[in-house]
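Engineer: Here are the chains, one letter per residue:
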Amino acid sequence: DSGVTQTPKHLITATGQRVTLRCSPRSGDLSVYWYQQSLDQGLQFLIQYYNGEERAKGNILERFSAQQFPDLHSELNLSSLELGDSALYFCASSVEWGPTDTQYFGPGTRLTVL
Amino acid sequence: AQSVAQPEDQVNVAEGNPLTVKCTYSVSGNPYLFWYVQYPNRGLQFLLKYITGDNLVKGSYGFEAEFNKSQTSFHLKKPSALVSDSALYFCAVRDGGRSNDYKLSFGAGTTVTVRA
Numbered sequence: 002d003s004g005v006t007q008t009p010k011h012l013i014t015a016t017g018q019r020v021t022l023r024c025s026p027r028s029g030d031l032s033v034y035w036y037q038q039s040l041d042q043g044l045q046f047l048i049q050y051y052n053g054e055e056r057a058k059g060n061i062l063e064r065f066s067a068q069q070f071p072d073l074h075s076e077l078n079l080s081s082l083e084l085g086d087s088a089l090y091f092c093a094s095s096v097e098w099g100p101t102d103t104q105y106f107g108p109g110t111r112l113t114v115l
Numbered sequence: 024a025q026s027v028a029q030p031e032d033q034v035n036v037a038e039g040n041p042l043t044v045k046c047t048y049s050v051s052g053n054p055y056l057f058w059y060v061q062y063p064n065r066g067l068q069f070l071l072k073y074i075t076g077d078n079l080v081k082g083s084y085g086f087e088a089e090f091n092k093s094q095t096s097f098h099l100k101k102p103s104a105l106v107s108d109s110a111l112y113f114c115a116v117r118d119g120g121r122s123n124d125y126k127l128s129f130g131a132g133t134t135v136t137v138r139a
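Residue numbers (the numbering used here), protein chains in the order written: chain D, 2 to 115; chain B, 24 to 139.
No lab work stands behind these hints: they were computed from the structure. These numbers come from a predicted model, not from an experiment. By construction, the Cβ of each residue, glycine as well, lies at the ideal position given by its N, Cα and C atoms. Be careful, since some hints might not be right.
[Claimed, not checked] If you want the ones that stay clear, here's a sample from chain D, every Cβ over 10 Å from chain B, calculated:
#1 S3
#2 P9
#3 G29
#4 L31
#5 Q49
#6 E83
#7 V96
#8 D102
#9 G107
[To be verified] Label pairs and their calculated CB-CB ranges:
#10 B/A139 <-> D/A15: 27 to 33 Å
#11 D/T113 <-> B/R138: 29 to 35 Å
#12 B/L105 <-> D/D72: 38 to 44 Å
#13 B/D77 <-> D/Q18: 38 to 44 Å
Please model the entire structure based on the sequences and the hints provided.
Structural biologist: This is the structure we're talking about:
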């Protein structure tokens, strides 16, 4: 157990809908990262927050947004869902914001869009 | 741009035999390299990382990895594989030469199967 928690574990929804994925980082970690894992794209970095501020953006669609709250938990919002958004979404956290920091991953949220 | 290649989709070994999972990388600055393992329906678990110093890095569960700058490789090794090592292994790199972007770039993954 990495200490990173994600809810829900599974989410099944329909195209066009909006969902929110939640992540609680390890105690003391200030950075949160979101990744998408799909069969065709592999593991793709979406976005990173450090102590409430956005630090880096990856291949995140405009329909997706995220934020990190004062208590350091983070939410990833996915809207106007399409079939291709079905994937495993991981949250990771690290102590600081630096190149040598180890990212610890949560168990993921499996999103199925029907 | 930073990238990682894992040239083998699958590696099959017998229990007790040495296990090697290959990884090569490309970065513009100093490479910071990581190995993660993913078991079915689980998140990624950190195994080890190379930041600087000794080219041989020891990690969890008896795994080690060798950094080779001239070959831009970071192969994962285990001297004696166990059936329980069967999983999906990911190599990842972070480019230390970029000042603001500390994302991890992952390889496509290598499925390891250890047969009894």
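Engineer: If a hint holds in the structure, say so; if it doesn't, say that too.
Structural biologist: Here is how each hint holds up against the structure:
no. : hint                          : in the structure
1   : S3                            : 7 Å, violated
2   : P9                            : 14 Å, holds
3   : G29                           : 16 Å, holds
4   : L31                           : 13 Å, holds
5   : Q49                           : 6 Å, violated
6   : E83                           : 23 Å, holds
7   : V96                           : 12 Å, holds
8   : D102                          : 7 Å, violated
9   : G107                          : 5 Å, violated
10  : B/A139 <-> D/A15: 27 to 33 Å  : 44 Å, violated
11  : D/T113 <-> B/R138: 29 to 35 Å : 32 Å, holds
12  : B/L105 <-> D/D72: 38 to 44 Å  : 40 Å, holds
13  : B/D77 <-> D/Q18: 38 to 44 Å   : 51 Å, violated
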